[in-house]
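Engineer: Here is how the chains run, residue by residue.
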Amino acid sequence: MGISAHDVTKRFGDFQALDRVSVDVPDGSLTALLGPSGSGKSTLLRIISGLDQPDSGSVVIAGRDVTGLPAQKRGVGFVFQHYAAFKHMTVEQNVAFGLKIRKRPKDQIRARVHELLGLVQLGGLAGRYPSQLSGGQRQRMALARALAVEPEVLLLDEPFGALDARVRKDLRQWLRELHEQVHVTTIFVTHDQEEAMEVAQQIVVMNEGRVEQVGGPRDLYEHPANRFVMGFVGPVNHLGDDELVRPHDIEVMREPADTTTRAMIERIVHLGFEVRVELLLDDGRQVQAQITREQAEDLGLQAGQLVFVRPSRSMVFTS
Amino acid sequence: MPSGQLFTRGLAVAWLSVIVLIPLAAVVARSTEDGLGAFWTSVTNPQAVAALKLTLLVSVVVVLVNAVTGTLIAWVLVRDDFRGKSVVNSIIDLPFALPTIVAGLTLLALYGSKSPVGINVAYTQVAVLLALLFVTLPFVVRAVQPVLLELDRDMEEAAASLGAGGLTTFRRIIFPNLVPALLAGTALGFARSVGEFGSIVLISGNIPFDTEVASVFIFGQIETDNVTGAAAVSVVLLAISVLLLTGIAALGRWGAKHER
Amino acid sequence: MSASAAVATPGRPSRIGLRLVALGYLALLLALPVGLVFYRTFESGVAPVWEAVTTPEAMHAFYLTCVMVAIAVPANTVFGVVCAIVLVRHRFRGKNVVNALIDLPFAISPVVIGLALLLVYGREGWFGGWLLDHGIQVIFSPVGMVLATIFVSLPFVVREVMPVLREVGDEQEQAASTLGANGWQTFWRVTLPAIRWGVGYGVVLATARALGEFGAVSVVSGKLVGRTETLPLQVEERFQRFDLTGAYSAAVVLALMALVVVLSMNLLKPKDRKV
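Chains as they are written, first to last, in this note's numbering: chain A, 84 to 402; chain B, 27 to 286; chain C, 706 to 980.
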């Protein structure tokens with residue numbers, strides 16, 4: 084059950100968008116495809132949906148091999164970054180579209196649309212046109228439209244990419260709650276690691292048309308499989324050629340101790356509860372340490388001061 | 027759905043072939059049916075040459091007049107404000123909507139032998155010019171107007187704040203931005219002028235070696251059953267059209283590239 | 706002079722001067738001649754005009770003009786939309802050639818178009834002889850006139866619909882397909898409603914051209930009064946017979962139809978479209 088893509092390859096001219104990619108998404112899970120632009124994450128999503136066809140490889144949805152089937156026969160719900168609202172239809176007509184195509188009885192359609200508009204909190208706006216809605220409302224309408232036909236899987240392509248920062252934050256949480264209510268197998272594409280960490284149960288990190296690592300948010304952060312994943316899912320410092328350290332894994336001390344290095348504080352940036360200390364090491368390397376404000380005050384840190392630092396935990400990736 | 031796509035694509039291509047391509051191919055085939063020598067003889071027939079010369083000459087004048095008046099009218103419609111502007115704006119399209127034969131009749135009423143103002147240009151080359159100015163009026167106006175409308179006023183204000191006067195601002199700031207649209211509009215007007223028939227027939231008198239334009243000449247050759255001669259001159263007009271369209275398309279690509 | 710006052714809008718006197726030149730040009734070239742035709746037509750009352758437009762020949766010309774429009778415009782609408790979709794949404798070799806071909810009817814002399822049809826469908830033409838043997842007369846009959854009308858009005862719908870299709874994009878169509886709609890359902894429920902204003906504008910422009918076409922139709926019609934004579938042809942025929950009232954009357958009927966077209970054009974102008 085769930086979704087599995089096997090050995091999927093896709094080229095656009097000279098560009099290798101996907102190179103033998105295999106991904107398994109458990110039934111009922113909420114999975115993120117995370118990667119920089121050009122990593123192939125959207126292409127993979129479109130191939131799963133049937134909007135694009137792979138050059139080779141196969142796609143199985145809920146135990147059914149759907150490779151080669153057009154989008155309309157796959158039973159997927161798809162949500163586009165720019166909503167793809169039907170501009171000439173009201174909110175109600177948008178949501179009812181898939182049900183009308185399936186020729187469901189009128190009263191059944193009305194009941195289902197009503198229920199879904201309640202679910203996405205658009206109950207009072209049924210008669211509006213998309214042009215009269217805000218971006219966040221349009222995207223919730225698009226979600227209700229995708230869910231109306233009771234798809235086996237829900238696919239979201241950068242669903243919050245076109246929204247401003249605050250609406251994004253609200254919708255992330257809302258999407259997670261919604262997933263708990265409807266429990267449909269869901270994949271969403273994002274280039275924002277924070278979004279992926281916050282919303283998804285499982286994250287597939289992609290880069291240059293390949294899968295770099297699959298795992299839970301904590302897994303990826305604490306046990307990144309390689310240099311790329313470590314750098315992509317959070318901030319890193321480079322110590323030596325192969326040693327990578329997260330800023331909060333750097334200890335800052337006033338006195339020298341075992342394995343410490345001398346450093347000068349260039350700048351202190353206050354981030355609310357935490358403080359970012361920008362340091363210049365003796366060998367000319369720049370590193371950043373992240374400590375709590377309390378620690379910083381206890382140490383009496385100031386710009387221009389000399390301190391001693393050492394990594395409490397680092398990862399080594401031999402290239 | 028590749029099969030559905032193939033079907034619609036085939037439909038489109040078939041339709042174009044039946045309506046446009048095959049008939050035009052017939053003209054080209056007929057013009058050279060008796061060999062290239064006969065084609066050349068037909069094209070260099072003095073009456074044909076005179077007609078082609080007049081057509082091109084008047085069309086060039088039309089282009090020049092349109093470039094000036096069309097830009098002026100567009101400017102007045104966009105930047106000026108007066109009562110009845112929307113009415114004026116609508117009648118610009120009249121030459122597109124009015125049948126060409128009616129246009130000719132219309133001009134003849136005011137500038138013909140029964141002119142109430144005493145101006146009689148009927149059966150002269152001026153009449154040909156007048157008819158062509160009438161039917162090509164909207165091209166430049168409608169090409170330049172939207173560009174002028176979209177033009178960023180900030181640029182002009184910046185120029186003014188840097189000390190440029192009204193005329194300098196127009197010459198250095200507005201005009202360069204209008205050039206692609208102006209060229210496209212005048213080229214379309216030129217193409218229309220070269221082929222125009224209906225509006226000219228009544229007012230020009232169709233006097234060979236004087237007021238006979240190319241399309242009227244071709245019509246005369248068809249009437250007198252010299253179909254090959256008609257086809258030969260048609261091919262010349264056809265070549266001019268193709269050349270102009272290619273130019274306009276290139277201009278469009280060039281304009282798109284230089285935007286932003 | 707302060708900077709803000711110098712903005713490219715010239716001073717008041719020259720602005721009014723430019724306005725007068727523009728309006729004067731339009732008046733002399735457009736408004737006065739058209740107005741005069743109306744005046745001349747109704748100079749001696751409505752009765753002679755009514756008489757001129759209700760003769761059997763005039764009625765037939767009006768009827769035939771409507772037939773031309775009624776066949777050419779729907780045909781070009783259907784194929785115009787198909788061509789626009791093919792040119793905007795499909796990728797194939799030779800697309801540029803097809804794209805260029807569509808504009809040809811705009812740029813070619815109507816007389817050349819008439820000649821082209823003559824050479825294909827005339828007695829001596831490529832298919833004309835075969836068709837005549839099977840009882841189908843194209844040239845000197847309304848069939849050829851319809852073909853000519855279709856030819857000259859072919860580009861309008863395509864050219865109006867193409868930019869709208871591009872503007873709308875294909876995301877809505879993709880959304881429809883993920884919701885289970887097949888190609889046909891997507892076209893009727895999503896694509897067509899999205900491009901309806903463009904189609905409408907194209908139809909109006911094509912109608913104007915079809916109503917008034919003279920040159921191409923003139924070549925293939927044979928100008929048989931009461932049989933292959935449309936209103937524009939009748940204007941010329943009556944003028945050549947020195948029946949000025951008759952010519953003016955037919956012209957006024959056409960001009961009124963053109964007026965309706967201009968009004969619809971302004972209603973459908975892209976800038977006024979909402980949603």
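Hints are computed from structural coordinates only; laboratory data are not their basis.
In this text, all values refer to a predicted model and were calculated from it rather than measured experimentally.
Hints may contain errors.
Claimed, not checked - Quick partial rundown of chain B residues pointing at chain C, CB under 10 Å, derived from the structure: (1) S43; (2) I127; (3) L277; (4) W280.
The beta carbon of each residue, even a glycine, is placed where N, CA and C say it ideally should be.
Engineer: For a quick check of understanding: which of the numbered hints are violated here, in increasing order?
Structural biologist: 3 and 4
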